[in-house]
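Asks: Sequence:
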Amino acid sequence: MAIFPLYTLSIVLFLCLFHQSSHCQQAYISDSQYFNCSVYTSTSKGYLCNGLELCESFVTFKSQPPYDTAISIAHLLGSEASSIASFNNIYDTDKIPSNKLIIVPVSCSCAGNLYRHFVPYTIKPGDKYSNSIYQGLTTCQVMIGQYYYDPESLPVGTELMVPVRCACPTLNQTMRGVTSLVAYMVRMGDNVSLIADTFGVDAQSIFEANMLPEDRIIASTPLLVPLKGKTCTRKSDSNFFFNCPGGYLTDGGKCIPDGTKLPVKRLLYSVALSFSLTHSQSLPAGVCVI
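Taken in order, the sequence shown gives residues -24 to -1, 1 to 266; the numbers are from mature numbering (1 follows the signal peptide of the UniProt record, and there is no 0).
Keep in mind the hints are simulated off the structure, nothing from the lab. Given the structure is predicted, the values throughout are model-derived calculations rather than measurements. For glycine and all other residues, C-beta sits at the position ideal for the given N, C-alpha and C.
Below, in silico cross-link-like pairs of lysine-lysine (DSS-like), each with a Cα-Cα straight-line distance of 30 Å or less: (1) K100 with K76; (2) K21 with K38; (3) K21 with K100; (4) K104 with K76; (5) K38 with K204; (6) K100 with K38; (7) K71 with K104; (8) K104 with K38; (9) K76 with K38; (10) K38 with K71; (11) K104 with K21; (12) K204 with K21; (13) K100 with K71; (14) K204 with K76; (15) K76 with K21.
Ranges between beta-carbon positions, derived for each pair: (16) Q122 with D178: 33 to 39 Å; (17) Q40 with A179: 26 to 32 Å; (18) E190 with M164: 16 to 22 Å.
Whole structure, please, built from the sequences with the hints as guidance.
Replies: Structural data, given as structure tokens:
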């Protein structure tokens, strides 16, 4: 398994800060120190602000009790239960089988020089920064750097603001039609080609978005997947993210004017999420879910 030297990643991040930052991509976190709570590295902090200041982004989350409904996952990750339910073809209160991968929409913004999605979390008995509640979407290093509490003895009942890792498209990505980025948590057995097929995107776009020289990734680390807005039609056999412009709704896979001027509606082609549906059957091919 190829591991980038930590100093190489640091140089890349430094150059991105001072040389056309809006064009730089994000370096993939391939350093095992990402999981080491006693080592604070620049790569564990989050993705650099190098594009839009604010955007709608996505993260992936594996269903685990007590976070096994759209409502409980939305509460943990600061999202909307109805949106999670729609994207994953479930009801708000459906019990989701363990280890099912769920797509979660989040609002991503630039805080300082890093992209973050802040979520309130109240400390419960037995909680530690090293707990895997957020499944790698934040790190114990970030929490230790943000708070002065003893990481092994957190004050029960205290509310913390947890910075969830997210990212917005760069200028280059936007010019290429990228509308959103998914912070995808790599699973055992994954490879870039498989992830690209799942989301219906070009594998090369994932390599470029993460500055990956080869198809070697580590389980439980975040990988950015660039999504493009395209027309969702019943004849299409591709898997893709779909975005109707503001003031429009979907009708049979087409955008139609909405007289009520509702906010932007975001859709996912069902095949793209077939691995994350909570029921044994998937939606018919070509059907968008909202």
